[in-house]
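Please build the complex by placing chain Y on the supplied structure of chain B, with the hints as guidance.
Sequence lines, in order, name chains B and Y.
All the letters of the first sequence, read from the start, carry residue numbers 105 to 538 under this note's numbering.
All the letters of the second sequence, read from the start, carry residue numbers 105 to 538 under this note's numbering.
It is worth saying that the hints were derived from the structure and are not from the lab.
Treat the hints loosely; a few may be bogus.
Which copy is meant is left open, so a pair is good if it fits within one copy or across any two.
What the hints assert, rightly or not - Using 25 Å as the maximum straight-line C-alpha spacing, the simulated PhoX-like pairs for lysine-lysine come out as follows:
hint : residue 1 : residue 2
1    : Lys247    : Lys131
2    : Lys164    : Lys196
3    : Lys225    : Lys136
4    : Lys247    : Lys136
5    : Lys288    : Lys382
6    : Lys131    : Lys448
7    : Lys131    : Lys225
8    : Lys391    : Lys247
9    : Lys136    : Lys357
10   : Lys136    : Lys448
11   : Lys496    : Lys529
12   : Lys136    : Lys222
13   : Lys382    : Lys282
14   : Lys106    : Lys247
Each chain is listed here by its residues.
Protein chains: 2
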Amino acid sequence: MKNINIGIVGLGTVGGGAVQALIEKRKMIEAKTGFSLNLLKVFDKDATKVKSLKLLKSKKAKSVNEVLDNDEIDIVVELIGGVHPAREIILKAIANGKHVVTANKALLAECGNEIFTKALKEGRCVGFEASVCGAIPIIKTLKQSFAANKISALYGIVNGTSNFVLSKMAEDDYSLKKALSEAKKRGIAESDPTVDLEGIDSSHKLAILATLCFGGIIKLKDIYVEGIKQVEAQDIVYARAWGHDVKLLAIAKKHGNSLQLRVHPTLIPLKHLLSNVKYEDNAVFVKGDMIGESMLYGKGAGRMPAASSVLSDIVDIARKVNSLGVESACASDNLWVKKEELNKISQIGDLMSRYYIRISAIDRPGVLAGVSTILAKNGISIANVSQKERKKDQVVPIAMFTHDAKESSMMRALKAIDKLSYIKKKSVRIRMER
Amino acid sequence: MKNINIGIVGLGTVGGGAVQALIEKRKMIEAKTGFSLNLLKVFDKDATKVKSLKLLKSKKAKSVNEVLDNDEIDIVVELIGGVHPAREIILKAIANGKHVVTANKALLAECGNEIFTKALKEGRCVGFEASVCGAIPIIKTLKQSFAANKISALYGIVNGTSNFVLSKMAEDDYSLKKALSEAKKRGIAESDPTVDLEGIDSSHKLAILATLCFGGIIKLKDIYVEGIKQVEAQDIVYARAWGHDVKLLAIAKKHGNSLQLRVHPTLIPLKHLLSNVKYEDNAVFVKGDMIGESMLYGKGAGRMPAASSVLSDIVDIARKVNSLGVESACASDNLWVKKEELNKISQIGDLMSRYYIRISAIDRPGVLAGVSTILAKNGISIANVSQKERKKDQVVPIAMFTHDAKESSMMRALKAIDKLSYIKKKSVRIRMER
Chain B
105 MKNINIGIVG LGTVGGGAVQ ALIEKRKMIE AKTGFSLNLL KVFDKDATKV
155 KSLKLLKSKK AKSVNEVLDN DEIDIVVELI GGVHPAREII LKAIANGKHV
205 VTANKALLAE CGNEIFTKAL KEGRCVGFEA SVCGAIPIIK TLKQSFAANK
255 ISALYGIVNG TSNFVLSKMA EDDYSLKKAL SEAKKRGIAE SDPTVDLEGI
305 DSSHKLAILA TLCFGGIIKL KDIYVEGIKQ VEAQDIVYAR AWGHDVKLLA
355 IAKKHGNSLQ LRVHPTLIPL KHLLSNVKYE DNAVFVKGDM IGESMLYGKG
405 AGRMPAASSV LSDIVDIARK VNSLGVESAC ASDNLWVKKE ELNKISQIGD
455 LMSRYYIRIS AIDRPGVLAG VSTILAKNGI SIANVSQKER KKDQVVPIAM
505 FTHDAKESSM MRALKAIDKL SYIKKKSVRI RMER
Chain Y
105 MKNINIGIVG LGTVGGGAVQ ALIEKRKMIE AKTGFSLNLL KVFDKDATKV
155 KSLKLLKSKK AKSVNEVLDN DEIDIVVELI GGVHPAREII LKAIANGKHV
205 VTANKALLAE CGNEIFTKAL KEGRCVGFEA SVCGAIPIIK TLKQSFAANK
255 ISALYGIVNG TSNFVLSKMA EDDYSLKKAL SEAKKRGIAE SDPTVDLEGI
305 DSSHKLAILA TLCFGGIIKL KDIYVEGIKQ VEAQDIVYAR AWGHDVKLLA
355 IAKKHGNSLQ LRVHPTLIPL KHLLSNVKYE DNAVFVKGDM IGESMLYGKG
405 AGRMPAASSV LSDIVDIARK VNSLGVESAC ASDNLWVKKE ELNKISQIGD
455 LMSRYYIRIS AIDRPGVLAG VSTILAKNGI SIANVSQKER KKDQVVPIAM
505 FTHDAKESSM MRALKAIDKL SYIKKKSVRI RMER
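Excised from the complex, chain B in its bound form (with noise of 0.2 Å):
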């Protein structure tokens, strides 16, 4: 039975989930696909975390050298996480021969370009199946299962912390604080979730999600991005009320040339299947000519989620390796460095969209009239409001449902609502989609 002989750099979360999965999953794997993954070397700038694992001495690596340069390692697979020096393992890799597995999106945001273009010209595979959504198999599934699909809208939820915080204010009347510390305990959230509950991580996922389905280089900056900070418990009842969940979305959607990539806080229908993808979970929607609608749900993060999709990078390289020799080329896979299209950004001011709002204000006679007559003034039109009665010359909130409205108007309306005397409170809006 032929070897395939594997390097671990990164013995974290993931990595050690992965070294757990090779030696208790080495049997079941050798007997579906009549190969042997051998775990030869681990290494992670923390000794205590080489240390601790139940390995051979000789598998443990003193430097990440001893992985990089070592002759008999096939796969090297990077699992540190962040830019440096992921970039600098992995590129090494690739001139040292080697395939690679990497589960790090801020890497493959900011320099799928690069990698891409090097394991190309040297013929080396790059599986990057766990950087989006754990254990969901959506890199594969764009590469191969839709791969002669036009794809026209990719959207979804990408992130379990912010997931999970939403989920926790709807489902159980948290607020965004003390979800966010439940979130903590639990270790869904990291110490600091900024990352998280800003939309950068999603926006990470974003671009490679959207490189894979619409060809160019997605850059990050190409991507609004808009967190849930702004998100109140009274937003998730407002919402509800009007048959509305609230998600923290990734959405990339085609029209003509023209390509709309953003992450934000949206409004989707109770009936969405993603308004009963709650906690922790993720899933991503994918639009199609040929396929129409499909949705991959599952596990967004976590040890042994993370791991799976490890595996079955490694699994699917080895398959490769094994019938071909480590010398074949894995560039029909590399569509990252393929510009089959070159897409228009479009800018968020131009998005066409319905908006729910909610506005602080005096209860005083006209209020209403007022903040009324500016959306109509933008050609705004109004499809729901909700006001509470509460106590006069008191602060109440005012929320809105409005018809399709544009993002560029409805940021010059509000700007004027605002301004009036009985505003009290930055107005909030927030996108919605159907």
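Relative to the frame of chain B, chain Y by itself:
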């Protein structure tokens, strides 16, 4: 650019879609993959179907052997359906050194082992993504993405016709008969819908999926099958009132060495993602030791969704042929013939489940006492009861949810209940899943 030559046998709905897609998508696939899919020959025993295609005369074969014996053809696509002569066509294609793509679930459920053993021996690939759930990439996901997982359960909605009928009954208050006639009008049900409504089509798909998940060879007779014809509109009303929906599910579950295989109407909670899978859509849940729970959703049938999966298989095989030459083996893909585990098939009588039951009794004192005594004697305890007031001495339905009970006890209890003098119709029981 290398040409991959393709022959298609069977030009019905899916075959016609595949021809159209191969022509329309050729350039896009060339740009993505670096090879060219060349439709070399097509055949259908119905000469009018061949004639109606806008293809060069030289591409229109006059016999199936003109396709199978053509030395230039790399991949034969079989889309005629049914066991014979599809089996003979595929076996001959493999014997002639062709790779095969098929959408034929009945054939694979019956003769999968024979076909994959032959393919393995000859080193040829057999792609069958389109055989289960149209555009949903469930085959590739089970074979590749979830390869490192020990699967403990797979269940889902795999038949669009019966899901359409049940959805129409639930959403629009249609009777089964009216829903079925609507389905026929829309081309979702065939003129004889027996195979779909009786659960037979679902059992074919379950046989294929369970073979991939659990190894061994699943025979059709190992699957307990029950269709939707006993489900009445009032059952859906009761189910909804108690927070449930009725769906035709295909279920495979493994407990230790024992494998449950069943297709039947099932009550699932309204909050379950499958509850929002409506009309002709399909969805499959997979539970694995690493991935946790994952779901794939999409169009389960139709011309272009199925053609999308046919093309994905063609592209997949073409990638291998392109880098390996036609001589290479696709052995590691052929999980079918690996009998990694011997499954003991559970008998349906041994199933433990909650049940919905509905009895039809003359409305008189003592009915509920009589029925509940029989249930209690068989160890079945009741969770909910709903008996609507009707006129005395008329037949009224009594609906119940039970706690967990053994199927054989339930069958014995219902047999005894149906013998009571005041029971006027055969009682209905529907299994529940959480």
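Handout entry: In rising order, the numbers of the hints this structure does not comply with
Key = Of the numbered hints given earlier, the structure breaks none, since each of them holds.
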